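Starting from the known structure of chain W, arrange chains Y and E on it as the hints suggest.
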Amino acid sequence: MRESTIMKIHYATALGAVVLVAVHVLFRITMGSFSGSLEYEQVLANYKFVPYAVMLELILVLLSVHGFNGLRVILLELKQGRSYEKAVTYGCIAGMTCLVAFGSRTILMASMGMT
Amino acid sequence: MSETTFAEEQSSTEVSSSKTVTLRIAKFNPDHDSGQQFVDFKVPYERWTTVLDAVLDVKKHLDHSVAVRYSCRQASCGSCGMKINGRPRLACFTKISELNSDVVTVEPMNNYPIIRDLVVKLDQMFENHKKVQPFLLREDSEITGPTKEFNQTPEQLEEYIQFANCIKCGLCNSACPTMATDSSFLGPQALGQAYRYVADNRDKGKNSRLKIIDDSHGIWRCHFAGSCSQVCPKGVDPAMGIQFLRGYLLGFRK
Amino acid sequence: MKRNDNREGIKGMANPGRYGIERFAYWLMRITGLGLLAYLIGHVYETSNIINGKSAWENMLSITQTTEGHVFLTLVIGMCVFHTANGIRVMLGHGGYGVGKPARPDYPYTPASQNSMHKLCIYASIGIAALAMMYGLSVLFGE
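Residue numbers (the numbering used here), protein chains in the order written: chain W, 9 to 123; chain Y, 634 to 887; chain E, 882 to 1024.
Chain W with its partners taken away, still in its complex shape (with noise of 0.2 Å):
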């Protein structure tokens, strides 16, 4: 992949994570006090409400997507060589992907109710 590519998914990603955290923020402060809105049941709640745990899913991929990249790109620029670089950038495709992995697993079960 182009690296402009690669930097028009990280400046996309960003800008969609910042209106959708942006959302889940706003979850926690709007429904009655924070720690309330952190209670086991509200939480529970707040996963089986589809259209809610779609965008936690979306965030964790975007957020995912961003940060590992956003991680390679430090890391390319740290140290220089051929097998170096290929380790940085599979390394972090492999990060980004057991993240996303355990983190839909969290929401899938949840919102499912395989709690």
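None of these hints come from the bench; they were simulated from the model. Keep in mind the model is a prediction, meaning the values are calculated, not measured. All C-beta atoms, glycine included, are put in the ideal place defined by N, C-alpha and C. Be aware that a few hints might be false.
[To be verified] Cross-link-like lysine-lysine pairs, in silico, DSSO-like; alpha carbons within 30 Å at most:
| hint | chain 1 | residue 1 | chain 2 | residue 2 |
| --- | --- | --- | --- | --- |
| 1 | Y | Lys660 | E | Lys1000 |
| 2 | Y | Lys801 | E | Lys935 |
| 3 | W | Lys94 | E | Lys892 |
| 4 | W | Lys94 | W | Lys16 |
[Said to hold, decoys possible] If you only want the chain E side, here are some residues facing chain W, beta carbon under 7 Å, derived:
| hint | residue |
| --- | --- |
| 5 | Ser929 |
| 6 | Ile931 |
| 7 | Phe953 |
| 8 | Thr965 |
Only chains Y and E this time, still in chain W's reference frame:
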């Protein structure tokens, strides 16, 4: 650290000046020395004395072995780039009186291999410069028939003339935070020059250049810290050119 | 990196002191980005306890709902707001917006790309982040 004072009787410079400054010169020969050593010299200066004048005075009267590269003494050749009090500057363009310091530390520019003392190897910068095709790219030419001039309006000239001021001194690459760790990065000098030719209405090689700089160690490794533009002694503003180039790649500019 | 390259290295890259507020913003952007990625990983792990039942969730929550946890969360709020606000500035700059117009430079060669609007935006990003942190503190400790 040793300190040597100016030998008045040997000096051809006007030593009647009441003002003196300590010139701390970094000395290092990679062939013999294990590390850099600083040597202090007390030199007189006037309001107009440049750091290069002071270094050359030291070289003439106190330590002939100080290695320094210079030529025009008027910020045109780009030879005397060095780190002066922690910032990359042209020695011939920096007056001691403007530094407001009793100690002037001169070191070789960072991010370039040291040849000796204050002289650095600029090969990589010139290689990167060549990579971005720093010449007009087009099928026809002014000298092969049918002969015609490539007209340019003053407005079209304004688009790139600022970037044509680059003297390849390498200060921008020395100040760049990415260059501090990334040995494969093209650097602000080369990227600024890529824009100089892309912005020239006589040039037809925009796509070719954009392809070259759209690399994993190309234009995207610039994070707009702007240090390159802050140290440029000719007002080239490479950071501006780089952002415009990126505008083409992002589709904001045509 | 070769030993004789004389590169400034991480110390030089991270040193925000010599080149003004723009270099400081560059440094802060990196630090906050890394901090937020670390938080994201921690947050995904923390919230995964929801599937282990109520007691596991409350146990995890009790670790974060301490004074230290609240201070940490306030820092995250600050990092997030700065990274977002400065990120928008940088993104617009990357598109070629607000970086000035090419012109014949005049001594003392003040670079147009480092204009006062950018400086103002950086200070504003820091200011908004500070305000968000204060709001975060009031929400977290006000209960």
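Against the structure, the hints come out as follows:
1. Y/Lys660 x E/Lys1000: violated (38 Å)
2. Y/Lys801 x E/Lys935: With Cα atoms ~66 Å apart, Y/Lys801 and E/Lys935 exceed 30 Å; violated.
3. W/Lys94 x E/Lys892: holds (25 Å)
4. W/Lys94 x W/Lys16: Roughly 21 Å between the alpha carbons, so the hint for W/Lys94 and W/Lys16 holds.
5. Ser929: E/Ser929 check passes; min Cβ-Cβ to chain W is 4 Å, inside 7 Å.
6. Ile931: At about 5 Å, which falls below the 7 Å cut-off, the nearest Cβ of chain W leaves the hint on E/Ile931 intact, so it holds.
7. Phe953: violated (15 Å)
8. Thr965: holds (5 Å)
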